[in-house]
Amino acid sequence: MAQEDIFKKLVSHCKEYGYVFPSSEIYDGLGAVYDYGQYGVELKNNIKKYWWDSMVLLHDNIVGLDSAIFMHPTIWKASGHVDAFNDPLIDNKDSKKRYRADVLIEEHLAKFEEKIEKEVEKAKNRFGEKFDEPLYRSTNPRILETKQKSDQLHERFVNAITNNDLAELKQIIIDNEIVCPVSGTRNWTDVRQFNLMFATEIGSTSDSAMKIFLRPETAQGIFVNFLNVQKTGRMRLPFGIAQIGKAFRNEIVARQFIFRMREFEQMEMQFFVQPGTELAWFEHWKEARMKWHQALGFGEKNYRFHDHDKLAHYANAASDIEFKFPFGFKEVEGIHSRTDFDLKQHQEFSGKKMQYFDPEKNESYVPYVIETSIGVDRMFLQVISASYYEEDLTKEDGVADSRVVLRLPPVLAPVKLAVLPLVKKDDLPVLSRKIVDELKFDFNCQYDEKDSIGKRYRRQDAIGTPFCITIDYQTVEDKTVTIRYRDSMQQERVAIEKLRDIIADKVSLREQLKKL
RNA sequence: GCGGGAGUAGCUCAGUUGGUAGAGCAUUAGCCUUCCAAGCUAAGGGUCGCGGAUUCGAAUUCCGUCUCCCGCUCCA
14 MAQEDIFKKL VSHCKEYGYV FPSSEIYDGL GAVYDYGQYG VELKNNIKKY WWDSMVLLHD
74 NIVGLDSAIF MHPTIWKASG HVDAFNDPLI DNKDSKKRYR ADVLIEEHLA KFEEKIEKEV
134 EKAKNRFGEK FDEPLYRSTN PRILETKQKS DQLHERFVNA ITNNDLAELK QIIIDNEIVC
194 PVSGTRNWTD VRQFNLMFAT EIGSTSDSAM KIFLRPETAQ GIFVNFLNVQ KTGRMRLPFG
254 IAQIGKAFRN EIVARQFIFR MREFEQMEMQ FFVQPGTELA WFEHWKEARM KWHQALGFGE
314 KNYRFHDHDK LAHYANAASD IEFKFPFGFK EVEGIHSRTD FDLKQHQEFS GKKMQYFDPE
374 KNESYVPYVI ETSIGVDRMF LQVISASYYE EDLTKEDGVA DSRVVLRLPP VLAPVKLAVL
434 PLVKKDDLPV LSRKIVDELK FDFNCQYDEK DSIGKRYRRQ DAIGTPFCIT IDYQTVEDKT
494 VTIRYRDSMQ QERVAIEKLR DIIADKVSLR EQLKKL
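Okay, so the first sequence: first residue is 14 according to the working numbering, each after it adds one.
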């Protein structure tokens, strides 16, 4: 079956079985926003716990944090988001291509420079050695005219950008007869502002209100608390701060189900290290994070690194872990060596020292940072798309049979076990209820007595329950039950009193990480 | 945002030239069977995405709009 078809079925499955619903569905939905249903929220919580425990529980030099979504607006100036997330865009109606209006104008400005340089080159060739370049540049009428035009345009451009005058930007493009590099036409749409940050106001009266942004990433909450955590936690380098939280981006195009949403959740760990050691730590975390993903058992060939050739201005190394989604290899997690850029920026903008006193070196410095940043929702999509199987169970005698099964890693499964009386008579339901009452303190359990046993197994397969406990007539006699395993469909008879230990072991973090 | 496709029950979809809205699966109640779905009986569930126009009458025709999918574009 084509991958796209599988993806469609997966989306339907998520809806049908209470994993993911479109937001505000009864009001026609809200673009690129989704809600997690009764099983979705369990899976999502389990993913978050799996990550959190892998970071905070298993590393004595990593601690947690939960910073607020609202932050001082200057933080986003310091981080560069105010500038970088603010693009004036324009479309060419003929080629259907979209451009940044400011880039188009800057490229046009560069042409003036080229023209002047060509002019100078020509003169150089003509006059030979006695050519006085500075004099020529400052007196040649053609150059002066070009330069004047260029300066005028530049001034006009800067004014338009400063005043955020979108109509003026378009007018500049029209006046200068700037054409689309693809179609060569000047059939432009209006310039529109795409601000990737959501803004709101804090303060309830209009005159006291301050414009603030919903954070577009959680990382800055860690950086601005760096010293708080380091000092109160008596942390010594190298150490990390982990955080799980929502972030918001007003994406121009949000697509592919929950892969790119406007409201999403990140799991980030910023690891602070001595300057000069950052690339070694970068390699360390690259490997460690890849192993963490592969421990889920979805197949090593479904993962790969994508090293960035073009680095963001703050980074000196960056790599993504990509997973093979039904729509291709896509980023799940980013590992970035962010240098001391963020802390230095906050030091400059806040005027507060963001330095660590190193007792070994007996000196203060701004630490370097390795970031591991993973999208919870992408991780959710990874887990559920890797777990979704349509199995043909047609028997040897040719009787057609099939099932849809979510082979979720037990540690992540929303429901850990279902307790099923083989029949709903002769006290088997009573016995079953007793087992549920005993195990529900430790595991998310379900009880089901409706329909045939085979049908109930199928229902649990569809939501990914790894273990079904079946109570039969032998249970009444010797207090044993059968455990039916979701993936193999094999059964095993065990004593009721041992159930808790057996299942606790199978759904544990320890068991999952054994696969490392 | 542009181009293309789509929107009818929880899911997948049918619905002819405009004439009272359907199926399968799922769900609920009951019966039968009792270790791997689709047996029997009955029931519930739909403003046909939304708004407007044409018409005696619109799921169906037209216009607008919203949402989703694919491609382009963008992506710290």
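Keep in mind that the hints were calculated from the coordinates and are not lab data.
Some hints could be false.
[As the list claims (entries may be wrong)] Straight line, CA to CA, 25 Å or less: simulated DSS-like cross-link-like pairs of lysine-lysine: (1) K62 - K453; (2) K343 - K61; (3) K314 - K357; (4) K28 - K61; (5) K437 - K244; (6) K28 - K463; (7) K447 - K437; (8) K468 - K408; (9) K244 - K408; (10) K528 - K61.
[As the list claims (entries may be wrong)] Label-pair distances were calculated between CB atoms; the ranges are: (11) N329 - G467: 54 to 64 Å; (12) N58 - K304: 35 to 45 Å; (13) K28 - E376: 49 to 59 Å; (14) T87 - S377: 48 to 58 Å; (15) E142 - L324: 40 to 50 Å.
Built from N, CA and C at the ideal position, the CB exists for glycine as well.
Which numbered hints fail: Of the numbered hints given earlier, those the structure breaks are 3, 5, 9, 12 and 14, listed in rising order.
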